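Respectively, the protein sequence lines represent chains A and B. Under this note's numbering, the first sequence has 46 at position 46, and the numbering climbs by one with no breaks. Add 291 to a position in the second sequence, counting from 1, and you land on the number used in this note's numbering.
Derived by calculation from the structure, the hints in this document are not laboratory data. Keep in mind the model is a prediction, meaning the values are calculated, not measured. Quick reminder that beta carbons are idealized off the backbone N, C-alpha and C, glycines included.
Some chain A residues close to chain B (C-beta under 7 Å, calculated; not the full set):
| no. | residue |
| --- | --- |
| 1 | 197 |
| 2 | 202 |
| 3 | 204 |
| 4 | 205 |
| 5 | 206 |
| 6 | 207 |
| 7 | 208 |
Counterexamples of contact, computed for chain A against chain B with all Cβ distances above 12 Å:
| no. | residue |
| --- | --- |
| 8 | 18 |
| 9 | 65 |
| 10 | 69 |
| 11 | 71 |
| 12 | 76 |
| 13 | 94 |
| 14 | 110 |
| 15 | 120 |
| 16 | 141 |
| 17 | 152 |
| 18 | 170 |
| 19 | 189 |
| 20 | 237 |
| 21 | 245 |
| 22 | 268 |
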Amino acid sequence: MRAKYVLLEMLVGLWRNVTMTIAMIITMIVSLSMLGASLLMYMQVDEMKGHYYEQVEVSIYLEKSIDDAQRSDIKSKLDSDPLVKDVLWETKEMAYENFKEQFRDAPDLVNAIGADELPESFRVALKNPQEFDKINAAYAGLPGVDTVVDQQKLLQKIFDILGSVQNLSLVVAGFMGLAALLLVANTIQVAAYSKRREVAVMKLVGASNWFIQAPFVLEAVFAALLGSILAWVMLVVGKIVLIDGKLAALTDLLLPVSWGNVNLMLPILAGIGSVVSAVTAWVTLRFYIRV
Amino acid sequence: MTKTYPKASRPSLDDVSVSIEKGDFVFFIGPSGSGKSSIVKLMLHEIKPNKGKVIVNGKEISSMRGWKIPSFRRSIGCVFQDFRLLPNKTAYENVAFALEVIGKSKAVARRVVPEVLELVGLGGKEHRYPHELSGGEQQRVAVARAFVNRPLILLADEPTGNLDPDTSIEIMRLLDRINRTGTTVVMVTHDSNIVNQMRRRVIEIEGGRIVRDQARGVYG
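Kindly produce the complete structure, drawing on both the sequences and the hints.
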């Protein structure tokens with residue numbers, strides 16, 4: 001009977017104040033979906049770092065005028081280097097093949113480059129991709145070495161862009177979250193005001209504090225749960241329409257966002273949303289319904 | 292015991308000490324602003340004294356922890372000048388509400404509420420809404436709500452303040468009947484007729500101090 005009473009009061013409270021409830025839920029949706037998107041992006045960048053760093057290599061481009069002795073010096077130095085995991089010697093021919101393969105959609109470009117024009121290089125996989133500087137210092141000045149290029153730097157630019165998009169969505173999530181919290185506080189105050197007579201009587205006859213407060217707190221939690229489910233639906237739609245649809249070409253490069261991660265957002269958003277709004281409602285009531 | 296409200300220049304109750312025995316019927320009288328209503332609020336733990344103790348039913352409530360207050364209040368019934376009924380509930384529902392919100396089942400309410408409504412003389416009017424009842428009848432509903440939980444103490448803050456003299460006397464008879472069941476009744480009033488008629492203990496407060504405490508007193 002008590003649970004039924006509390007649930008019924010919660011629904012009545014939400015309905016009585018339905019415009020405010022809708023506003024509260026909409027701000028929660030925006031805030032939570034932004035939060036979810038930035039979390040997803042964070043996980044994505046993390047996964048991509050793991051994925052690409054495995055493959056990322058340092059390229060040591062060799063001068064055209066290099067002779068065999070210099071080349072084998074460099075090779076044996078690399079082979080015995082404790083920082084190095086793996087070395088591949090890419091000849092001019094291999095470089096040209098790779099180049100043709102990579103740009104097969106742009107035959108003009110391929111035709112413009114002669115088979116002899118691409119430099120040969122050592123492709124070096126590092127045990128720890130962060131140690132580029134040491135490799136650079138050790139090999140850049142050797143005779144026959146043209147340049148040492150860290151491919152990680154190229155990726156870093158992409159990660160930087162993703163990172164700033166992520167920060168932006170976190171800022172939006174923060175502002176909308178603040179608005180949502182204020183709306184929760186306001187909704188709870190209005191709900192408590194519209195039931196002030198009942199609350200006064202309940203306090204007078206000795207109803208327990210949780211019993212008085214539970215319907216109000218549950219109102220906020222219910223709205224947050226609804227908001228988080230809808231925010232998750234937004235993320236799902238976003239994945240289908242944007243990531244897998246319009247931006248599909250980009251995700252070849254960026255790795256597709258997995259369903260597992262998207263689905264993980266539902267419990268996370270629901271948890272964060274309901275805990276934060278429950279606490280907000282409870283704190284509001286502390287000030288509003290004094291014993 | 293002393294109570295000073297914030298921003299007040301003098302204490303509302305100044306070093307007042309009074310003890311009321313179980314089963315007593317006590318009037319607190321005095322002019323407006325004398326501090327008599329503060330007594331009710333202190334006994335309900337709506338306010339706390341600045342100095343001294345408030346002991347109700349053998350428990351010192353002035354230092355009681357917040358979460359214990361609800362269960363303490365269940366041992367006290369309360370009636371006010373403005374009845375404080377819920378306008379969208381019938382007489383029956385108003386009384387049953389007081390039971391339900393402290394966790395009593397509907398079955399208990401079905402058994403107890405008609406009994407207590409009968410006791411206060413509202414048999415047959417259970418399903419009227421407050422606006423369909425006279426002032427006296429509304430106050431009877433309030434008394435029924437205060438008494439339905441069989442409290443040890445009934446606090447009445449000017450219960451006849453909004454009622455005409457005849458109705459007031461009926462309410463007083465009802466309170467007297469409740470007192471005879473062993474319930475302590477503490478009533479704050481400035482209705483001299485009633486005090487003179489009842490001839491019960493009278494404690495007069497003026498300017499926050501007790502100026503008279505008489506066993507079978509009149510308004511004076």
